[in-house]
Amino acid sequence: MRIVYLNYEWDLREAVGAAAHISELTHGLRRLGHEVVAIDRRRRSQVDAGKASAGGGAQPSWRARVAPYLHESSALMRAARNVRVETALLAEHKPDVVLTRYSLHQVSSLIAAKRLGLPFAFEVNAPPSYEYRRYLAQYKLIPGLAEAVERWAFARADGMFVVSSVLKQYFVERGVPADRITVVPNGADPAIFRPDAADPATRAGFSPTDVLIGFVGSFSSFHGIEMLKQVVAKLSPREPRARFLFVGEGTRSNDLREFCAQSGFSDRVRFTGHVARERVPGMMAATDILVAPYSQESFFYFSPIKLFEYMACGRAVVAARIGQIAEVVSAGTGVLYDPSSADDLIEKLATVVRDDALRAELGRRARAAVESDYSWMANATKVASMLESAVARHEHRARPFALAAEGRR
2 MRIVYLNYEW DLREAVGAAA HISELTHGLR RLGHEVVAID RRRRSQVDAG KASAGGGAQP
62 SWRARVAPYL HESSALMRAA RNVRVETALL AEHKPDVVLT RYSLHQVSSL IAAKRLGLPF
122 AFEVNAPPSY EYRRYLAQYK LIPGLAEAVE RWAFARADGM FVVSSVLKQY FVERGVPADR
182 ITVVPNGADP AIFRPDAADP ATRAGFSPTD VLIGFVGSFS SFHGIEMLKQ VVAKLSPREP
242 RARFLFVGEG TRSNDLREFC AQSGFSDRVR FTGHVARERV PGMMAATDIL VAPYSQESFF
302 YFSPIKLFEY MACGRAVVAA RIGQIAEVVS AGTGVLYDPS SADDLIEKLA TVVRDDALRA
362 ELGRRARAAV ESDYSWMANA TKVASMLESA VARHEHRARP FALAAEGRR
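Quick note on this note's numbering: the sequence shown kicks off at 2 and runs consecutively.
Calculated from the structure, these hints are not laboratory results.
The beta-carbon is built from N, C-alpha and C at its ideal position, and this holds for glycine as well.
Fair warning: there could be bad hints in the mix.
[As the list claims (entries may be wrong)] No farther apart than 27 Å at their CA atoms in a straight line, the calculated lysine-lysine pairs in the BS3-like style are these: (1) K349 x K230; (2) K115 x K141; (3) K235 x K349; (4) K383 x K95; (5) K383 x K169; (6) K115 x K383; (7) K169 x K115.
[As the list claims (entries may be wrong)] Label pairs and their calculated CB-CB ranges: (8) S264 x E174: 39 to 47 Å; (9) R82 x W153: 37 to 45 Å; (10) D339 x R32: 35 to 43 Å; (11) A149 x Q297: 27 to 35 Å; (12) A156 x R135: 44 to 52 Å.
Model the full structure from these sequences, guided by the hints.
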């Protein structure tokens, strides 16, 4: 198939997970023999970002106050302007199917594809209407509009894939036919994230008998930072071998760093700050246990890429029993804890810290699960199948119109 793949992320340099997903899916589809034309339709170009950075200075106060109320109308205007441009792009590339990574109100490629009679599918990693209201409340959306646009768009697509069964159920409850939605979780590249990639420098300063517990992430509010504080404070006195490696930088990293210093556990903890992406596999593989703490959420629709990368590194994973994580980390591939209980997390970690054989077996099984089910190549195969179904569904829909036109001749 010839696939045009459109992305509307604001700035991929600020969205590492999105950048990895787009790159790996494109590469995987090409390895399967498909021709993929990946088109970046970002709202801010590299040039614009550079100009903004060079210009410096804050926005005028009146503009800063008004901007949250204009965000949605700007997205709609952008979509309207994009229709003509994207119709021309699709006419030029003549794809067999169009795949679009959906973001708020970005329906221009759908309209363009319909104009040209092309099969069309969405990639949906989150429900933008919910995500904006839950996590981006600084933007003031028109009540119900984003939800209405999503229903309208997804009902007209020939297919779509989402990253978790929780997300599929969300859209089914809002009227999207279940048979039109394929669940394709995120994944990892087992050739890059692997046990033998361990970076010896990461363990420098730690004893060979230490059990190194690692966390890699952006230290966001939903990453269970308060739980990590309790883990450091309560597990350290109980388990003399336990040490901690925190990789990354974010809104709550300084908070955790200051807590560890004030609590007297700085000698057991190492913070790396931001590190280049290419260094992450070696750091993960240098640990003994990798922890994926998440706050209790009633609607956990995420598919954390780092979970699959943890597993691919062949290390014991201790993760929150929530959403898709509970499906992926099944019995034998990791240890799940109650996300509402820091004490449960501490108990589970203590068990894994003490048992060297258990850690090795968990790591082996986790690695095997990624190789068989959660590699990016496995994902690309599922997406390709979904796209083929979308093409068949489009042709089935178009056939009655073609027959009717033939009958009028």
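Hints versus structure:
A C-alpha spacing of about 16 Å is found between K349 and K230, which places the hinted pair at or below 27 Å, so the restraint holds. For the suggested pair K115 and K141, the alpha carbons sit about 30 Å apart, so the restraint of at most 27 Å is broken. A hinted pair counts as satisfied when its Cα atoms are at most 27 Å apart, and K235 with K349 qualifies at roughly 13 Å. Our distance criterion of 27 Å between C-alpha atoms is met by K383 and K95, whose separation comes to about 23 Å.
At most 27 Å may separate the alpha-carbon atoms for a hinted pair to count; K383 and K169 meet this at roughly 15 Å. As the CA atoms of K115 and K383 are separated by approximately 24 Å, the hinted pair is consistent with the 27 Å bound. For the hint linking K169 to K115, the alpha-carbon distance of about 24 Å falls within 27 Å, and the restraint holds. For the pair S264 and E174, the supplied restraint of 39 to 47 Å holds, since their beta-carbon distance comes to about 44 Å.
Evaluation of the 37 to 45 Å hint for R82 and W153 yields a failure: the beta carbon distance comes to about 19 Å. Checked against the hint of 35 to 43 Å, the pair D339 and R32 passes, with Cβ atoms roughly 40 Å apart. Restraint check, A149 to Q297: a C-beta distance of roughly 30 Å satisfies the suggested window 27 to 35 Å. Separated by about 23 Å at the C-beta atoms, A156 and R135 break the suggested range of 44 to 52 Å.
Figure legend: structure checked against the earlier numbered hints; hints not met, in rising order: 2, 9 and 12.
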